[in-house]
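Enquirer: As you go down the protein sequences, you meet chains A, B, C, D, E, F, G and H in turn. The numbering used here applies: residue 1 is where the first sequence begins, and numbers increase by one. The numbering used here applies: residue 1 is where the second sequence begins, and numbers increase by one. The numbering used here applies: residue 1 is where the third sequence begins, and numbers increase by one. The numbering used here applies: residue 1 is where the fourth sequence begins, and numbers increase by one. The numbering used here applies: residue 1 is where the fifth sequence begins, and numbers increase by one. The numbering used here applies: residue 1 is where the sixth sequence begins, and numbers increase by one. The numbering used here applies: residue 1 is where the seventh sequence begins, and numbers increase by one. The numbering used here applies: residue 1 is where the eighth sequence begins, and numbers increase by one.
What the hints contain is simulated information worked out from the structure, not anything from laboratory work. Cβ coordinates follow ideal geometry from the N, Cα and C atoms, glycine included. Everything hinted at is true.
Below, a sample of chain G positions facing chain H; criterion: calculated Cβ distance under 10 Å: (1) V158; (2) G192; (3) G193; (4) S211.
Number of protein chains: 8
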Amino acid sequence: MPVNRDQIKELLEQTQSGRLSVDEAADRLTRLPYEDLEFARIDHHRDLRIGFPEVILGQGKSVEQIVKIADRILTESSNLLISRTSEEVFREILRLAPDAEYHAEARMISVRRDRTERGAGDIAIISAGTSDIPVAEEAAITATAMGNRVHRIYDVGVAGIHRLFGARADFETARVIIVVAGMEGALPSVVGGLVSVPVIAVPTSIGYGASFGGIAALLGMLNSCASNVTVVNIDNGFGAGFVASLINRKRL
Amino acid sequence: MPVNRDQIKELLEQTQSGRLSVDEAADRLTRLPYEDLEFARIDHHRDLRIGFPEVILGQGKSVEQIVKIADRILTESSNLLISRTSEEVFREILRLAPDAEYHAEARMISVRRDRTERGAGDIAIISAGTSDIPVAEEAAITATAMGNRVHRIYDVGVAGIHRLFGARADFETARVIIVVAGMEGALPSVVGGLVSVPVIAVPTSIGYGASFGGIAALLGMLNSCASNVTVVNIDNGFGAGFVASLINRKRL
Amino acid sequence: MPVNRDQIKELLEQTQSGRLSVDEAADRLTRLPYEDLEFARIDHHRDLRIGFPEVILGQGKSVEQIVKIADRILTESSNLLISRTSEEVFREILRLAPDAEYHAEARMISVRRDRTERGAGDIAIISAGTSDIPVAEEAAITATAMGNRVHRIYDVGVAGIHRLFGARADFETARVIIVVAGMEGALPSVVGGLVSVPVIAVPTSIGYGASFGGIAALLGMLNSCASNVTVVNIDNGFGAGFVASLINRKRL
Amino acid sequence: MPVNRDQIKELLEQTQSGRLSVDEAADRLTRLPYEDLEFARIDHHRDLRIGFPEVILGQGKSVEQIVKIADRILTESSNLLISRTSEEVFREILRLAPDAEYHAEARMISVRRDRTERGAGDIAIISAGTSDIPVAEEAAITATAMGNRVHRIYDVGVAGIHRLFGARADFETARVIIVVAGMEGALPSVVGGLVSVPVIAVPTSIGYGASFGGIAALLGMLNSCASNVTVVNIDNGFGAGFVASLINRKRL
Amino acid sequence: MPVNRDQIKELLEQTQSGRLSVDEAADRLTRLPYEDLEFARIDHHRDLRIGFPEVILGQGKSVEQIVKIADRILTESSNLLISRTSEEVFREILRLAPDAEYHAEARMISVRRDRTERGAGDIAIISAGTSDIPVAEEAAITATAMGNRVHRIYDVGVAGIHRLFGARADFETARVIIVVAGMEGALPSVVGGLVSVPVIAVPTSIGYGASFGGIAALLGMLNSCASNVTVVNIDNGFGAGFVASLINRKRL
Amino acid sequence: MPVNRDQIKELLEQTQSGRLSVDEAADRLTRLPYEDLEFARIDHHRDLRIGFPEVILGQGKSVEQIVKIADRILTESSNLLISRTSEEVFREILRLAPDAEYHAEARMISVRRDRTERGAGDIAIISAGTSDIPVAEEAAITATAMGNRVHRIYDVGVAGIHRLFGARADFETARVIIVVAGMEGALPSVVGGLVSVPVIAVPTSIGYGASFGGIAALLGMLNSCASNVTVVNIDNGFGAGFVASLINRKRL
Amino acid sequence: MPVNRDQIKELLEQTQSGRLSVDEAADRLTRLPYEDLEFARIDHHRDLRIGFPEVILGQGKSVEQIVKIADRILTESSNLLISRTSEEVFREILRLAPDAEYHAEARMISVRRDRTERGAGDIAIISAGTSDIPVAEEAAITATAMGNRVHRIYDVGVAGIHRLFGARADFETARVIIVVAGMEGALPSVVGGLVSVPVIAVPTSIGYGASFGGIAALLGMLNSCASNVTVVNIDNGFGAGFVASLINRKRL
Amino acid sequence: MPVNRDQIKELLEQTQSGRLSVDEAADRLTRLPYEDLEFARIDHHRDLRIGFPEVILGQGKSVEQIVKIADRILTESSNLLISRTSEEVFREILRLAPDAEYHAEARMISVRRDRTERGAGDIAIISAGTSDIPVAEEAAITATAMGNRVHRIYDVGVAGIHRLFGARADFETARVIIVVAGMEGALPSVVGGLVSVPVIAVPTSIGYGASFGGIAALLGMLNSCASNVTVVNIDNGFGAGFVASLINRKRL
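Using the sequences and the hints, build the whole thing.
Expert: Here it is as structure tokens:
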């Protein structure tokens, strides 16, 4: 499925000149850029399109489904990332890839054969509380897997704001900052006001009562009075790490 | 309606000894400590019980109803406070009390004949943004009317946190602090972490989109990670000023 | 991080006069008033700032994390409080502090070596139903740990209001009152109308159906028609006990 | 549409015996017990079935529609009730029925030619605040129109509970009680605990901020800890007056 | 706590005449009409006031607490009802009351020594689906325990409305009708339109997806276009049975 | 943008044989099947793809924008439909199309030059109340414009269910039924249970209090216990009419 | 319960002429078209009325109840369908019907003795992700059981939209399309814009955080900008399959 | 308020060496980096810190307040931006800055004296519908004011997805993409899947019924299955334009 006029013209000229048969040209214009496993269609072009192979969201898939998809991805790509997974899955993946690693706090599996550094600068990951660390780690593992240097600054919530100021040197030179917070979700606004780079806010489901599983933090972040803050889904450390990596990507 | 055993015993002894007739004793035991205007029952004992005459919530009452209630309160008390009211009501109140004042931003009317200072310390009132000032003023007028010294510190939201630190001298000696904020409602947590006195958080309906008329700020405050924060209803500057006054009240 | 101009001037004069080296002065101006355990930053200055050492919220932390934090706090402070914890944690804490106590209903651990009485008056804690007692106990243990005399008045819900009146002597002399209620959350309004001191309302998640895990009680309390009521998060007995202690604190 | 077997058997016997033609029998078995105005189908049997003619809900209908429906109802019934209406409609109704009355606070129009007393006892209508009176009046006018003696007890909210006790004589002998309250909606629980008759709770949209247009009061009432409380829709004074009348109806 | 003037006058006259000592009179005026178990205050007057002893809500109470409260109630009353309980509790109650019964579907325990018939008419209990039966049974057991004749009409939901019409004879003579329904909660409106007696609607948490644990049914019932419908909390079969019993109570 | 392989192969063969130039072939493969007005892109292929020209949603567009879009549509298609519009727009449209009609209750404008009958059967449109008629009319006008015979059955809500049964002959032969209802939204379930054809339920924002602008009706319909019911957005009469027309379309 | 005038007239003429006794006529006019199992009323006429026997919703029913109902249905109908059930129930059903099948992913049991093809065209079932497959399968099994040819197109979510285009040939000739999606629920809009047949959207509870158990997908589908989309309840694959079958039914 | 150790050390060395007086040093360490207008504190350092002067949010401020703040900003910065404002404010600003421009659709005022190009690449702004254009324009004006080249691609919603593909050349080379959409908010997911750069999603309040003022679109975007999507508040075009500018900023 060529997407721009130049590619199409080139293909048509090859057809007209006979270098390409009509059938082959039709194939190229219609072929599937994905692999169909019946229960899943693996998007092998994503590596080219997005710069990273399709990541497997473990949640909601059976161990068998995950292993089959992983097997196919590893055939086409050097790296692999599985999120929201378990040690049980990890044991199976080890058979496919003995160099796979399990990140227990982040509940992720990674295979990292291509370790090219792709970041223009650093990514800082700040968490408000100790309980937010699993989500922060999901962001950190993702950003690392995508070729970035990561700084972790944990447990610097706004109720003891001098802790954040004490750690300022660790985040004020970052090219992009991820802020992970539950409860009132106020930390991204404070961090956002201190820096001039994009801040990606990740609400967590940490809290109780009127935190409503992360809604309080989510709303707080969406209403941030700092203009450099954008937001991802509750507990979506992966998404934050992914977008931060895109922002930080070296221009080639 | 005497409320404790000693008062009841004394009354019974007076009855037994004949100093009090049965009818009078029955009256005292059953009489109404309020005045019935049919559409409103004015609680004249509140002045004794709570330390301030009943405040008239203007919203939802007709001009006539407000004036009648105000008239009855001024008969029994030296002070008067009307909230969520208008200039139209003010013009009518001026006929009853030429010394009444209208506070336009706070939309309140006050009569203040008894100006005894009742506060043990100071009350600081901090607002996050310019648009939160009307609610902050409602708190300030209430606290002033109840005999307190008030410090106003406005527009020191968390996205430019050095503004708050610059004003620190103005609030760090207060006995109780009121923090008024809309949008993400993060300011009470930051202030709460800096001081060792009670902080009363007032969410405002300022904001748009996912602020949902103050819900985002309210939830943020209820989930504050600072332990010295309590919360009142959205836009309830009056309630915050009232409770702050009770906390600050001199022990007699 | 000195916070006021006088402290800074004194430090600068010491530097100018050579009593303080530039390095030491820079240290004092930038040093961290907390201890970094990597997964947690313990705020040792809180004892000075807030008047009580940092309390450990057990929920969301591993046993190891709690024990390490507790160990560090006990090095610097004489008292310790852990909320939302378990007997399993308690067994580990006993090794650090054989004088630790476990409060099963409140699910709290306390170490209380400094038992100075710090309250100016008494704190009354009123619960609406039998099922609300665990939250009420969390408030009671907190207030006791912070040096207050506490009166418990349990199961006096509004549907049998004579029970509340029967217990009136037990709460009408308190300096501050905590009211804990689930279901419709009406009790704080009734209590608030009977007294002239601040009332801290704690909604609980007790109830079923349209109680929505405490939302009904929370909304009821936020909309209280009694002006002396402020609110904390659902089931936040600790926060209520903490603020009540600050309100009740003796002036020194 | 005959509804029970006996009626059907009688009709069939009449058909079999020839006293009733097949056509007429078919008519009776299928005929419409209502009148079709195209935009409305008036249920003339309701008077028999429910004991009161269909009441016209004015909201959402044009003046012309209301007048046409009213005209048809007055042809078949002696009484008429229009709710959520306006003076403009009233002026038109006066042409049809010069004896019509307009109840401004309740925003209702009534025609009452049949004034039979139908209640076995009295109905008490209690409102928490002055602003709740319009809804209370809707209930009162409805219950009066349906042939009941009504006692109004207004402005006895729970924050000054002695006002309620002072009015106890006015409601403790009622056969059924309607309690109208906005804000926290606590009053039905308190009243419910004091009496042994059914209490119908009507939440009102009175309040601001977290009252959410009556949701807080509604949830409070649904979660009432008093077992004798049932609830109707927010601001549905009419429904409360209607059900109270059914409960109070004399057995014939 | 005598409640009316006549009782108070009589007591005062007895005091004046010396038939009653001051101490005894003070006692009577202040004494507690409940028994304090520390974790619960049992309201023994409720039997007189409401016509049925306090019912124990099992949910949220320990087995020990339930048994202690049950023991005290059985000392003062002939009947007992425990809701939202379990077989485990039942085995303990059997030791106190060998004549206790366990109603498994309703999850209730009853002791019924006084079996006086108290109902003026019958109570019909209609359920929409098979899954709603446990809640319907809670209502049925409650109404039976309070001395009423009960008709059960189950699984007559609106999607097969001829089933409801087929059962019409079973409910059209009832004095009050309870309708239990989950999912869209439409049945009370249909039933309400067919009868002229009060209908008590009980939403259930039956359903999935957008039923949101009973919210859909609850809202449907609150918005019923039938004017004779009132509503109780989600799954509150007990409350419906209780109010129905009060409505149906014989006048004495 | 040819969509299937055969079209593509044909185009390629024409290119190879020289009947089609490379440029023209590239044009066909990339050209825009819509017209770009800068503020709107009109989808002229929709007529072919969906069977009806793009309908203009008036809400949120300026008069000028609507007129420009209408002008372009009428160039390519014989029919036109504008929803959620006003008389002001109608006056402008009349200049473009003197045969345009304004349907005031539905707030729609239609031009109908092609009046081919396209329906296989009839479409019945049932409304619960008089106030629901505008939404029902929006559905009716849409279905009529799309070439269907429509039966209107209005004001047959469930609280007087005999009215629905009386009108049964009018809807039981329809090929598809639209049911429009506000308040509790129960009517689609009842209708759904009576017929064997698809029922499209349209919740309306009619109601007050806990109807929450149509949420109650929407949830009721989504939870319908009748399996033949699907739902569209609140007040979306147009969508219901559109889908009903697709279901009813004659097979060609 | 004959439903139209012609049937009634015929029956009356038979009665009049004596061919039918009064008793038998009365029976026919009142008899129950369902079977009463006390806990369930089985609607045997549904087969005629809706074209498929009553389907048993397994959720919320005991194994015994399901088996009894299944037994009765199989007496009257050749086919049977049980949804939201388990292998445990399947083992019991096998005793009644050794030809029953269990569909594990869909959690359904089917008996299919009448395999008449009833569909005019094909039904396409499209799912966005691998985790949505169980709901898609519920729709597929239902549509198959009701006599339709079904095309399954799984894992073609909008974030890799070329996967959907690649599968276009599989759905563009269908008579009706079911689209199953969780998370943002965008797929029905995209599919809807590509075809000219009705699209039934099924939101699933797949997702986390702000997906709120399917609310995000549900709202997305209700607000679809494609006019040919209607929606069923979250996870209601059965309903979607049922309505699709009705739409696709051959005209006889 | 110097923020890093080196700056502090330098300042201290200057003090020690006498080049800086103690008073001046104290001033620098404590001085306010903002200007206090009493109702607003203008953050002049933001220009340095964030790279753009403080933007004035017009909503909630009086004309006088806006003009005063604008006046002060223009003293210190060459550019100015006012959002959510009106022509009335514009007329006043023109007196301060005759070169100010009013962007009617975006409801913004800009002064742009420094027109340095600061973007490394282009920013594409895509809107789903015509009604979303005002929010898209707010983003476009902001990004332009911050020195970026902007491509506008409007009215390419997902229900006619070929319109998006037709415009692909206009957005596939952008460095960052803003996608503005109301209703179901599906467009960011589709765009996100087509590109390898960050996508900022802006939900709009466009829609009706179950769009709930933009909640449906917001939830859709938060749950996007495309990993490169982050979200800002409903209607927050400004925030999207601001963050896109930060992402696109040239490295210096």
